[in-house]
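Trainee: Those sequence lines, one after another, are chains A and B.
If you count the first sequence from 1, position 104 lands on 104 in this note's numbering, and the numbers rise without skipping.
Start counting at 1 in the second sequence, then tack on 1000, and there's your number in this note's numbering.
No lab work stands behind these hints, which were simulated from the structure alone.
Careful, some of the hints might be misleading.
As the list claims (entries may be wrong) - When the alpha-carbon atoms are kept at most 25 Å apart in a straight line, the in silico DSS-like pairs for lysine-lysine are as follows:
1) K29(A) <-> K50(A)
2) K1085(B) <-> K214(A)
3) K1050(B) <-> K214(A)
To be verified - Far from chain A by the CB rule (all over 10 Å, computed), these chain B residues:
4) E1002
5) R1007
6) K1013
7) G1021
8) R1036
9) D1053
10) E1056
11) A1068
12) A1074
13) K1085
14) L1112
15) E1132
16) D1141
17) D1152
18) E1165
19) P1174
Ideal Cβ positions, reconstructed from N, Cα and C, are used throughout, including at glycine.
Number of protein chains: 2
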Amino acid sequence: MERHFERELEELKDQLLRMGGRAEAIVLKSVDALRRRDAALANEVFADDKVIDRLEIDIDDRCLRLLALQQPMARDLRFITAALKINNDLERVGDHGVNIAGSALRLTEQPLLKPLVDIPRMAELAGGMLHEALDAFVRHDAETARRICRRDDEVDSLNRQVFRELVSYMVEDPQTITRAMELILVARNLERVADLATNVAEEVVFIAEARVIKHHAEELASDEDFGRG
Amino acid sequence: MERHFERELEELKDQLLRMGGRAEAIVLKSVDALRRRDAALANEVFADDKVIDRLEIDIDDRCLRLLALQQPMARDLRFITAALKINNDLERVGDHGVNIAGSALRLTEQPLLKPLVDIPRMAELAGGMLHEALDAFVRHDAETARRICRRDDEVDSLNRQVFRELVSYMVEDPQTITRAMELILVARNLERVADLATNVAEEVVFIAEARVIKHHAEELASDEDFGRG
């Protein structure tokens, strides 16, 4: 029974990793479709996302079965409830990929607004954060996970910069408005992907240390409850 | 023990309802701040959201304790895992309120771009969906919950309409670009609130019927697994 449970947890982990890999791939593919003005590639993203949706339902179902049949405690319980949340986060990453693919598709019909400002850089950063968060998840590596959370600011600041640049394009040349708008939306989707990667990393810390770090809960606790800070 | 557990579940439900009420209030307040160009009101939203963040952590903690100590089965287990997700959804609603308050604040410094197109209407719809989803949650009312899910399309279509109108403002008068951009972002935040209300409603169906309706899983299952459709 014990060994069976261990194997079930390993399978859950593998399944989440496969889903994470697909979610990351969808984001990179959608930005690639945007960069290469490739409508066929953008269309692939919609089909890829259907697979992610299906995986989400399967993983949820597996988590519930494990909770019901194994009645896990302590770290195993944290692992399974965190898996429920990571599952949800990864599904949302897929949705952001779909949004980006939608923008890519609409933009193939119009002349390219180049350069794509810092969007490819944002995609690389957000994709990298997600990839590393999943690596940290596999290794229960809270230290790496904390480092990932701190990188979220970098993506936020790129997003603000992209926003400012694109608004100034629009003001200078109103003909660029529709295209610049699409790119602003793409940048926001990438910023959300980085947020979701941060959520995953926060869950990794929670699994490893039973410590909540989201909303800066650590500082909140130390300020309010212990009079430090 | 059994009675104690029932009481714990009731308390969890009450806590989620309080959080839901606060999340709904934050959205309405942020749109009110936008409409009335009221910076003080917008600033209140940031403080309100801190309370929601704290509630999220408390509710998560309560759910984990219930899972560990009570080892619930069937509908109780579905209720608690759904509570974990609803908790997360409501916290995100709060974040969207914060985003809207940020736009409201930046817009107080500029002449009003009026009318606010269909934004107040979107806020009313999205807030109403959230309110009713929480009502359905209290009553385990799957029928109402399904009806809420269908209303999401209405908000999506308003969002597209707002987008088109505001882009045409920008094209006609580039001086409106920054302001119109903010309003487009507000509309997208409201559209996301409606999505999150839909998620809550989907969880209500799951609790009541043990049936997954997100991603149109019912149709997927009937097409793929049973050869119908």
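Trainee: Now tell me, hint by hint, if it's right for this structure.
Mentor: To see whether the hints hold, each was checked on the structure:
The straight-line distance between the Cα atoms of K29(A) and K50(A) is roughly 15 Å, inside the 25 Å bound, and the hint therefore holds. Distance hint between K1085(B) and K214(A) is fulfilled; the C-alpha atoms sit about 16 Å from each other, no more than 25 Å. At roughly 12 Å between alpha-carbon atoms, K1050(B) and K214(A) fall within 25 Å of each other, so this suggested pair holds. For E1002(B), the condition that its CB be more than 10 Å from all CB atoms of chain A holds, with the nearest at approximately 17 Å.
At the 10 Å boundary, the C-beta of R1007(B) stays outside the reach of chain A, the nearest C-beta of that chain being 21 Å off. Chain A leaves K1013(B) outside its interface by the beta-carbon criterion, the shortest separation being 18 Å against a cut-off of 10 Å. Every C-beta of chain A lies more than 10 Å from that of G1021(B), the closest at about 19 Å, which supports listing it as non-interface. With a closest Cβ-Cβ approach of about 25 Å to chain A, R1036(B) is found to remain outside the 10 Å limit, as its non-interface label requires.
Not every C-beta of chain A lies more than 10 Å from that of D1053(B), the closest at about 4 Å, which undercuts listing it as non-interface. At the 10 Å boundary, the C-beta of E1056(B) falls inside the reach of chain A, the nearest C-beta of that chain being 7 Å off. For A1068(B), the non-interface assignment is contradicted: its Cβ lies about 6 Å from the closest Cβ of chain A, within the 10 Å cut-off. Taking the minimum C-beta to C-beta distance to chain A, about 8 Å, the non-interface status of A1074(B) is violated against the 10 Å cut.
The beta carbon of K1085(B) sits about 7 Å from the closest Cβ of chain A, which is not more than 10 Å, so the claim that it is off the interface is violated. Distance to chain A confirms L1112(B) as a non-interface residue, since its nearest Cβ pair spans about 19 Å, more than 10 Å. At roughly 22 Å, the least C-beta separation between E1132(B) and chain A is larger than 10 Å, which holds for a residue marked as non-interface. Listed as outside the interface, D1141(B) is consistent with that label: its C-beta sits roughly 22 Å from the nearest C-beta of chain A, beyond the 10 Å cut-off.
A cut-off of 10 Å between C-beta atoms confirms that D1152(B) is not in contact with chain A; the least separation is 14 Å. Listed as a non-interface residue, E1165(B) keeps its Cβ farther than 10 Å from every Cβ of chain A; the least gap is roughly 13 Å. Chain A draws P1174(B) into its interface by the beta-carbon criterion, the shortest separation being 5 Å against a cut-off of 10 Å.
The structure shown violates the earlier hints numbered 9, 10, 11, 12, 13 and 19.
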